[in-house]
Amino acid sequence: MAEESKTPLVDELEKGSWPSFAKEMKRRAKKNAAAKDLVGQLELSYEEKKVHWKHGGVVGVRGYGGGVIGRYSDVPEQFPNAAEFHTMRVNQPSGWFYTTDVLRKLCDVWEQYGSGLTNMHGSTGDIILLGTQTAKIQDAFNALSEAGFDLGGSGSDLRTPSACVGPARCEFACIDSLGICHDVTTTFQNEIHRPMWPYKFKIKVAGCANDCVASVARSDLAIIGTWKGALRIDQEAVKAYIAADFDVKGEVVDKCPTKALSLGRDGTLALAAEDCKRCMHCLNNMPKAIRPGTEKGATIMLGGKAPIVRGAYLSWVIVPFMKMEPPYDELKELLGKIWEWWDEHGKSRERVGELVDRMGMGRFLREMGLEPSPAMVFAPRSNPYYFWQPDEVK
Amino acid sequence: MAEESKTPLVDELEKGSWPSFAKEMKRRAKKNAAAKDLVGQLELSYEEKKVHWKHGGVVGVRGYGGGVIGRYSDVPEQFPNAAEFHTMRVNQPSGWFYTTDVLRKLCDVWEQYGSGLTNMHGSTGDIILLGTQTAKIQDAFNALSEAGFDLGGSGSDLRTPSACVGPARCEFACIDSLGICHDVTTTFQNEIHRPMWPYKFKIKVAGCANDCVASVARSDLAIIGTWKGALRIDQEAVKAYIAADFDVKGEVVDKCPTKALSLGRDGTLALAAEDCKRCMHCLNNMPKAIRPGTEKGATIMLGGKAPIVRGAYLSWVIVPFMKMEPPYDELKELLGKIWEWWDEHGKSRERVGELVDRMGMGRFLREMGLEPSPAMVFAPRSNPYYFWQPDEVK
Amino acid sequence: MTDVRTDFGPPSFKDMMPPVMAENYGKWAYHETLQPGVLKHVSETGAAVYTVRVGSPRLMAIDTIREICDVADSFCDGHLRFTSRHNIEFLLTDANKIQPLIAEVKKAGFPVGGTGNSISNIVHTQGWIHCHSAATDASALVKSIMDEVQPYFESMTLPAKVRIAVACCLNMCGAVHCSDLAIVGIHRKPPKVDADRLAKTCEVPNIVAACPTAAIRPNPKEKGVIINEERCMYCGNCYTVCPAMPIADPENDGVAIFVGGKVSNARSAPMFSRLAIPYLPNNPPRWPETVEAIKGIIDVYAKHAHKGERMGEWIERVGWESFFRLTGIPFTDKHIDDFRFAPTTFRTSAAFKW
Amino acid sequence: MTDVRTDFGPPSFKDMMPPVMAENYGKWAYHETLQPGVLKHVSETGAAVYTVRVGSPRLMAIDTIREICDVADSFCDGHLRFTSRHNIEFLLTDANKIQPLIAEVKKAGFPVGGTGNSISNIVHTQGWIHCHSAATDASALVKSIMDEVQPYFESMTLPAKVRIAVACCLNMCGAVHCSDLAIVGIHRKPPKVDADRLAKTCEVPNIVAACPTAAIRPNPKEKGVIINEERCMYCGNCYTVCPAMPIADPENDGVAIFVGGKVSNARSAPMFSRLAIPYLPNNPPRWPETVEAIKGIIDVYAKHAHKGERMGEWIERVGWESFFRLTGIPFTDKHIDDFRFAPTTFRTSAAFKW
Ligand code: SRM
Ligand code: SRM
Ligand code: SRM
Ligand code: SRM
Ligand code: SF4
Ligand code: SF4
Ligand code: SF4
Ligand code: SF4
Ligand code: SF4
Ligand code: SF4
Ligand code: SF4
Ligand code: SF4
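Chains A, B, C and D supply the protein sequences, listed in that same order. 1 is the number of the first residue of the first sequence in this note's numbering; add one for each residue after it. 1 is the number of the first residue of the second sequence in this note's numbering; add one for each residue after it. 1 is the number of the first residue of the third sequence in this note's numbering; add one for each residue after it. 1 is the number of the first residue of the fourth sequence in this note's numbering; add one for each residue after it.
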């Protein structure tokens, strides 16, 4: 087992003003053998510039197909206590809200059954509990469920949905991002816990087009709050901004990407509603004066993902506007249709965006029964290679 | 044979104020049987909404592999005089300049050996002589060469180059578009007349970025005049424009895509040279006040073509700046290298742009010995899929 | 390899240019547009050349060419040229001859114009007059459209140049893929395969390679091909390489309209034309539906574009969703790209206009 | 299928929110940023909630979490949350407690900030701490960079938000593909094939399908694969599906830097990050070359961007040629795309800046 003092490279990372993950690891290492060996193995990785983990093996919890990432050291003889160092993905509360008592319970569980190291949070949104052994996983899960926590997703399933803070603290929220996230998560527990699809599927919910959960880049299906009709301007508040020497013309009017705003001599801010594309810029800069319109709902976007295999995708519009009232039947039906279609046509490890790209948006829309709209494209096709359906030709 | 009076649909197209191709055809029909049958066959096409030509067969002139498009009617019994109706592509003088005596000679030749119908010009730039028979082609060619005209390109060869009017009449010309076009055409006669490549290759020369020959869209290799350093502004002339109530700010300064121009209170027009991308807009609108810089040359672009097979391409920058002095050795060496590389790697009917797309710009540049430059792209790659050469790694 | 004289190349433009152009070659200082169709170019030397631009049918009988030569002889000392858009340009040095020349050519039925912010001549192709591949007729379309928009040729009142092109099939001979307004002949049903003829006259690998959407596979049994009709988008390229796969179909052939392309670099980069109207019927001899559609788009553009804005620049500023709203053209599944670069055209943004 | 309790889902956020948020849920009217890291949100009801945002290492020992809970107990009635960038947010109703809370967390070594035009926490991944696929270590890179740029976290002086992300391999767990500054671990040599192990443990078709550039073909002889090293760009996806194709290589692995991505729709559409620096060496524990490069780009951006301009918006305005000129980063063949959409990135225009 590596000696505490023998980690000069890791120790280097305890220095500096930013909170140190190395300190966290060494703090735990004092109390936990697995954490201690983890520090040792990391030191070795720094020395050799090389990872020392093996491909994950299948470990799990009874009744679940995912939620645990098996992880094994490739130098177990050197670091026996980190020989097995599995991760448990625990489904966070929407918006990552906690009361301290619940959080303390979580800590107690991980003190007893794990290394006591965590990620708050993983980049999909889960609570990441780092470092436990196969033998302890079932007990760890039981204790977690005692504490009120269930597992998140992993493998070819619905991944743990996440949402921005939204209506809990944000004036821009056009939809109940937290409510939608929680509802979808509880409705699709089976899809989250039992991998059954060609590949992973991620859902993220943002209350407005600022997209504070990066849903457009990091989820297969992005639900983004927006509104129909004109945004609302409080002219008194506009004058107040001007009075406070805020440069309404320079910071807002001139930066409106569609030049939909104009500032009158008398300080009234006028909107050409048909030109506004709801980019949020003016609201962001004058939250006291400009609010979303009253008819609220969401734009649904599909396909976002990282580069592997066919290159990265940003999600694109597939439903320009959907009303968002509980129980969100329209959304759930659409999800069902998409999953079924993807399941039928998708190759193994083919994300839904890659599939739509391969099969064609036209076909996707026809088979989903969605109305084509210019909102779905930046520009129409430039090539003349389009298709006619049998009923359209003689 | 179709009766003159029996072409009501063609006759419809004699009406209207725009010069009528139908009048032209019928005018000829009075004197030429082939032209007459052509009118008849066109009437039939209008009746049936259907083309009546067959795939071209191989017809040619001794010593030439191209320059003639064989064309046969699919209703020869109905229109025997149009049964064979081949096209001769005759290489135009650069810039489509003519003296009347030369043009009259051309007419005489086509009166004797063809239908007397022409296109002035074809969209590659050739003089198109419409309608002759296999038996007459050699004599037609001999007469043409008497008149000083040679054939243009067709098939998988170098197509007839063309150029904008350039220095002959245009203040914007940064290169001798006509001289370059003529020089390249005469230098590569063998490449024009003897198809030997995977597919066609087109060259067009524009004196400036206004690209009055659409070279970027319609040639595999576009030569576009430009300059290095700052454009030249004549402040007196600027003041004259202002005096003449021309809205310099609104029409020029505000519309400069890079905001490189600014108009001083005193009416001096200032340029931030490093911001100018030489788009030509300000020169176009104030030709009396703004001229290209003094260090002139060309930007070389590659790959432009129509949609078939892999979709249309616009040519893109492969040499940001090349000096353009006769005998244009640098240009000709580059052409030689490109043709050789294309010939070696190109599949049948694969245009050079499609090949570079398939093989990768990086590889193309390395093998051509061209320096990579940000001028070659609107933006760098967003994917992480790039290659390292053996000498770059340990 | 042959006895006849070959490879001597085209006549030199130097022997064709009027003296004033030869003398002032590369010395031109600026130009003015005296009236629609009339340009004055002034040299650093002070010399000037006048250009009168005249609309041409492009397809010309030698009889007409000779008449044009007569005009050039009487007004231009026997010099003229053609433009890259197939107009005729008479080149004069004597300003006093301009109006008489104009009178003469107008008498002969030729319009004068095509300069500046006008609709110039339509770049087009062979059509049913000379090409086996034509899904529509180019010349009739051009004639029918120009008859309607000629006032725009003879004036300079549009926000900017409007370049129109017509191609009679997807080979797009002409800059149809980059024009402000582009009309292209299309098919709408897969080719029919004439198996016996194919076996005799065509190379299967070439046919398979010709298909942009990989809709063709070799037929294992006989020496032939099988078309996956679901993947065929009727481009006709298999017919181009193999006569035994005819695709012409009077009932379903027609034209599509693409908009917003440009090739100049002025202000904005060159742009491809993009699909506006997927199909209009072939309706010879004057294609009224197509002429109407073109006029409609021009009217909306003329009304809404800013001064100096090309069609594509206007559309980029207001957004394609506004283009479809303002023109009333229905947006369909066909407008959404599903070819190679499709994802780069998808709206990867929640921001769009209602 | 099982006796244990399953599929009960996560705790409800409703039971976790502080009362003021529950009561004013959906009623928030506006917000103010009182100081870097301190937000005040005011409800239509007049109620206000204060947020103190605190930088976190993300990788936390339960001991530290418990200390954070202590803070939340003494100042926030036991309520706190984490952000989508892994910062800690303390939620208070009593404005007087803000400064004491800040004093307390600073004492404990936590920085306060990350709001407005700042550099917030770095979204990152597992690295050598927990992932077999890691070509570099995420945590050490994050720590080393944040130590340097922490002043930007604690202030709001940048032209706009700068979002940094780190991913330790091309799987890019985290929004690395759309960040203002993105650091990604890369390999530079093809994987080695362990033939015997492959035959035992992997499915050849999966491996072949895993390769984005079709560099892998089945080995006809044994049940194995052959790599066309010329086509391999070292993504490691074959290793992801088959452990018998290890690609890690201490000598050549390192990081690449991508810039100019964003995900918000504010003003401009979301953008991908694009390649700036193809390779910097793995140099543990503090990756000095990478930290320097990141600082250098931030400095040039801070100096040249207009107020309110995100990194990518600034680069789009001045042009990529200017980005490379101003930063002095060499432009190489690697920057030019040769993957699927390559032609859409080529400069199909003669207009560019010298
Ligand atoms: C833990 C986490 C990184 C982190 O430190 O936060 C993570 C870790 C892994 N990801 Fe991921 N991904 C994590 C979020 C992401 C994200 C970001 C997101 O979800 O917002 C992405 C990009 C978005 C996307 O899904 O495209 C992401 C894209 C991938 C990919 C590439 C998938 C693709 O289609 O491109 C892989 C490869 C794969 O699936 O085989 C992958 C695979 C993996 C694996 C399972 C490695 C593997 O090949 O088996 C990693 C396990 C590491 C370990 O031992 O714990 N991970 N992964 C994140 C999950 C924590 C959580 O549940 O909250
Ligand atoms: C005559 C002309 C149209 C016209 O009316 O002006 C023409 C006519 C034909 N073109 Fe073209 N092309 C003509 C300019 C063009 C242009 C425009 C240009 O050159 O500026 C293009 C688009 C630019 C390009 O090259 O991509 C063009 C792209 C094609 C293509 C598509 C090639 C591609 O790679 O996409 C084909 C198909 C082929 O080559 O098999 C084609 C094929 C043909 C054929 C030979 C038909 C065929 O499949 O064999 C046509 C012969 C018609 C006939 O019977 O005369 N033609 N062709 C033009 C040549 C006249 C001249 O020499 O001046
Ligand atoms: C004669 C001709 C060149 C030739 O060798 O034949 C020519 C001549 C001139 N062009 Fe051009 N252009 C000619 C085809 C073109 C083309 C090619 C085409 O249309 O296929 C283009 C590219 C069109 C496009 O972008 O799609 C072209 C884009 C321009 C531009 C850029 C306009 C813009 O803002 O995009 C200018 C500058 C301007 O007009 O302000 C220009 C300017 C000019 C000037 C003013 C240059 C000069 O100072 O002499 C010439 C008179 C223009 C006029 O008509 O008012 N010329 N010009 C061509 C006449 C065609 C015709 O008969 O109408
Ligand atoms: C707390 C958090 C949401 C959450 O549920 O956790 C949040 C909260 C707010 N965001 Fe955000 N954003 C949060 C992540 C994001 C993200 C996601 C990311 O960074 O991964 C984005 C997209 C970033 C991008 O485009 O790459 C994001 C893009 C914005 C924007 C758009 C900025 C822009 O101009 O592009 C605004 C509007 C603004 O700042 O003017 C915004 C505005 C806001 C406001 C002002 C909304 C409000 O009125 O409450 C909140 C305080 C912002 C601040 O920090 O000053 N928030 N915000 C996230 C804090 C992350 C952190 O710890 O730093
Ligand atoms: S996405 Fe919109 S609603 Fe959600 S937190 Fe950000 S700004 Fe608020
Ligand atoms: S939301 Fe965006 S587009 Fe609409 S007015 Fe405001 S700034 Fe302009
Ligand atoms: S391309 Fe330039 S140089 Fe040539 S004619 Fe047009 S404006 Fe003049
Ligand atoms: S040439 Fe174009 S970019 Fe340069 S200053 Fe003139 S308008 Fe601006
Ligand atoms: S566009 Fe098609 S039909 Fe027309 S000339 Fe060219 S190849 Fe022939
Ligand atoms: S018409 Fe075009 S798409 Fe259809 S089979 Fe032939 S080549 Fe393929
Ligand atoms: S980015 Fe790669 S190495 Fe890092 S956690 Fe994700 S999969 Fe593992
Ligand atoms: S590393 Fe990537 S590119 Fe190379 S062979 Fe494996 S999958 Fe293909």
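Just to be clear, a hint being listed does not mean it is correct.
[Stated by the list, open to error] Restraint ranges, calculated between C-beta atoms of paired labels, are given here:
| # | chain 1 | residue 1 | chain 2 | residue 2 | range |
| --- | --- | --- | --- | --- | --- |
| 1 | C | Arg317 | B | Asp139 | 36 to 44 Å |
| 2 | C | Arg217 | A | Pro327 | 26 to 34 Å |
| 3 | D | Glu292 | C | Glu229 | 54 to 62 Å |
| 4 | A | Asn190 | C | Asn219 | 41 to 49 Å |
| 5 | C | Glu229 | A | Ser348 | 22 to 30 Å |
| 6 | C | Arg317 | D | Asp7 | 21 to 29 Å |
| 7 | D | Glu67 | B | Met359 | 41 to 49 Å |
FYI, nobody ran anything at the bench for these hints, they're computed from the structure. No experiment lies behind these values; they were computed from the predicted model shown. Note that the Cβ used here is the ideal one computed from N, Cα and C, for glycine as well.
For each hint, the structure was consulted:
{"no.": "1", "hint": "C:Arg317 - B:Asp139: 36 to 44 Å", "verdict": "58 Å, violated"}
{"no.": "2", "hint": "C:Arg217 - A:Pro327: 26 to 34 Å", "verdict": "48 Å, violated"}
{"no.": "3", "hint": "D:Glu292 - C:Glu229: 54 to 62 Å", "verdict": "59 Å, holds"}
{"no.": "4", "hint": "A:Asn190 - C:Asn219: 41 to 49 Å", "verdict": "46 Å, holds"}
{"no.": "5", "hint": "C:Glu229 - A:Ser348: 22 to 30 Å", "verdict": "28 Å, holds"}
{"no.": "6", "hint": "C:Arg317 - D:Asp7: 21 to 29 Å", "verdict": "52 Å, violated"}
{"no.": "7", "hint": "D:Glu67 - B:Met359: 41 to 49 Å", "verdict": "59 Å, violated"}
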